[in-house]
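Visitor: Each chain, written out:
Number of protein chains: 2
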Amino acid sequence: MTMNLNAQWVVGFVDGEGCFHIGINQNKEMKLKLQVLPEFTVVQHEVDQQVLYALKAYFGCGVVRKNHGTRLCYRVRGHENLLSKIIPFFEKHPLKTRKHVDFEKFRKVVFLMEKREHLSADGLEKIQQIKETMNSTTFLR
Amino acid sequence: MTMNLNAQWVVGFVDGEGCFHIGINQNKEMKLKLQVLPEFTVVQHEVDQQVLYALKAYFGCGVVRKNHGTRLCYRVRGHENLLSKIIPFFEKHPLKTRKHVDFEKFRKVVFLMEKREHLSADGLEKIQQIKETMNSTTFLR
Chain A
1 MTMNLNAQWV
11 VGFVDGEGCF
21 HIGINQNKEM
31 KLKLQVLPEF
41 TVVQHEVDQQ
51 VLYALKAYFG
61 CGVVRKNHGT
71 RLCYRVRGHE
81 NLLSKIIPFF
91 EKHPLKTRKH
101 VDFEKFRKVV
111 FLMEKREHLS
121 ADGLEKIQQI
131 KETMNSTTFL
141 R
Chain B
142 MTMNLNAQWV
152 VGFVDGEGCF
162 HIGINQNKEM
172 KLKLQVLPEF
182 TVVQHEVDQQ
192 VLYALKAYFG
202 CGVVRKNHGT
212 RLCYRVRGHE
222 NLLSKIIPFF
232 EKHPLKTRKH
242 VDFEKFRKVV
252 FLMEKREHLS
262 ADGLEKIQQI
272 KETMNSTTFL
282 R
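So the sequence lines, in the order shown, correspond to chains A and B. Residues in the first sequence are numbered from 1 upward in steps of one, following the numbering used here. Residues in the second sequence are numbered from 142 upward in steps of one, following the numbering used here.
It should be emphasised that the hints constitute simulated quantities derived from the structure, not laboratory data. Owing to the predicted nature of the structure, the values given are computational and were not obtained by experimental measurement. No residue lacks a Cβ here, since even glycine has one placed at the ideal position from N, Cα and C. Any given hint might turn out to be false.
[What the hints assert, rightly or not] Derived, one-sided and incomplete: chain B residues facing chain A with beta-carbon distance under 8 Å:
#, residue
1, E158
2, D189
3, T238
[Said to hold, decoys possible] Simulated pairs of lysine to any residue, SDA-like, Cα-Cα distance not exceeding 20 Å:
#, chain 1, residue 1, chain 2, residue 2
4, B, K233, A, M3
5, B, K197, A, L95
6, B, K207, B, V184
7, A, K105, B, V188
8, A, K56, A, H45
9, B, K197, A, G16
10, B, K249, B, K267
11, B, K246, A, V47
12, A, K105, A, L124
13, A, K92, B, N145
14, B, K197, B, T182
15, B, K233, A, H100
16, B, K233, B, Y199
17, A, K92, B, M144
18, A, K56, B, C160
19, B, K233, A, N6
20, B, K174, B, C160
21, B, K207, A, G16
22, B, K197, A, Q8
23, A, K56, B, K272
24, B, K233, A, N4
25, A, K66, A, L95
26, B, K272, B, C160
27, B, K246, A, D48
28, A, K92, B, Q149
29, B, K249, B, E273
30, A, K92, B, A148
31, A, K66, B, G157
32, B, K233, A, Q8
33, A, K92, B, N147
34, A, K56, B, Y199
Kindly produce the complete structure, drawing on both the sequences and the hints.
Guide: Given below as structure tokens:
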């Protein structure tokens, strides 16, 4: 049976364990040879995998996959999921740690991609610049 | 201004970042030369210190102290605080990860100390045995 989660529990847990990440990978299929891949992830030791499945059920999207060693990862990719589920949730229920800054940048990149800016060299550079300031304690509020 | 916290946010954040720890330290003042020191802690990078001060305000006890490097720690010690504030909170609002197992063991030790069992060799050994199974992924549910 999947455990039921409360919105504020989800925010607290993501403030602790969540990650908003912009991957930029080589991809020969793309015109600029680079693919932008935004993803929201939460990693846990496998003993707590039921929490990851509960997040998957709560958001109604994403997958639970093996990560490194004994760790598992709940991961959401795909614009439709990010735009209709993940982003609206964290707009409605703001994060309380500096992770809210990463979320704002992540959201900005997803919106830029929605306007197809990642397909131009200028847009891609803008996204790369945003990415460089994320998930780091060097770049503060 | 201290941010307001919601109980479920606190549970989610502690599920991610909290620690229930039983310290057993040498102390020549004690009859058995060992002092049992239960503590509840939450560690964060200093950029998120306002979250630690918010936890301090929320629980109405504990201190915020320097930890290692650029990290700070919210820490609650003292039986009165643990028995009247921390333990009742997590009894009322259960943790969802395996940390709830550590909390149950922590609670058991604090109750044993309340009965002054840590002052006898037998009681101290019982506490040491409980401590050895805590905060580890080797000892599962």
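Visitor: Give a verdict on every hint.
Guide: Hint-by-hint comparison with the structure:
no. : hint            : result
1   : E158            : holds (4 Å)
2   : D189            : holds (5 Å)
3   : T238            : holds (5 Å)
4   : K233/B / M3/A   : holds (17 Å)
5   : K197/B / L95/A  : holds (18 Å)
6   : K207/B / V184/B : holds (9 Å)
7   : K105/A / V188/B : holds (18 Å)
8   : K56/A / H45/A   : holds (16 Å)
9   : K197/B / G16/A  : holds (17 Å)
10  : K249/B / K267/B : holds (11 Å)
11  : K246/B / V47/A  : holds (17 Å)
12  : K105/A / L124/A : holds (14 Å)
13  : K92/A / N145/B  : holds (16 Å)
14  : K197/B / T182/B : holds (11 Å)
15  : K233/B / H100/A : violated (28 Å)
16  : K233/B / Y199/B : holds (15 Å)
17  : K92/A / M144/B  : holds (17 Å)
18  : K56/A / C160/B  : violated (25 Å)
19  : K233/B / N6/A   : holds (15 Å)
20  : K174/B / C160/B : violated (25 Å)
21  : K207/B / G16/A  : holds (19 Å)
22  : K197/B / Q8/A   : holds (19 Å)
23  : K56/A / K272/B  : violated (33 Å)
24  : K233/B / N4/A   : holds (16 Å)
25  : K66/A / L95/A   : violated (26 Å)
26  : K272/B / C160/B : holds (13 Å)
27  : K246/B / D48/A  : holds (18 Å)
28  : K92/A / Q149/B  : holds (16 Å)
29  : K249/B / E273/B : holds (14 Å)
30  : K92/A / A148/B  : holds (18 Å)
31  : K66/A / G157/B  : holds (19 Å)
32  : K233/B / Q8/A   : holds (16 Å)
33  : K92/A / N147/B  : holds (15 Å)
34  : K56/A / Y199/B  : violated (30 Å)
In this structure, the earlier hints numbered 15, 18, 20, 23, 25, 34 are contradicted, and the remaining ones agree with it.
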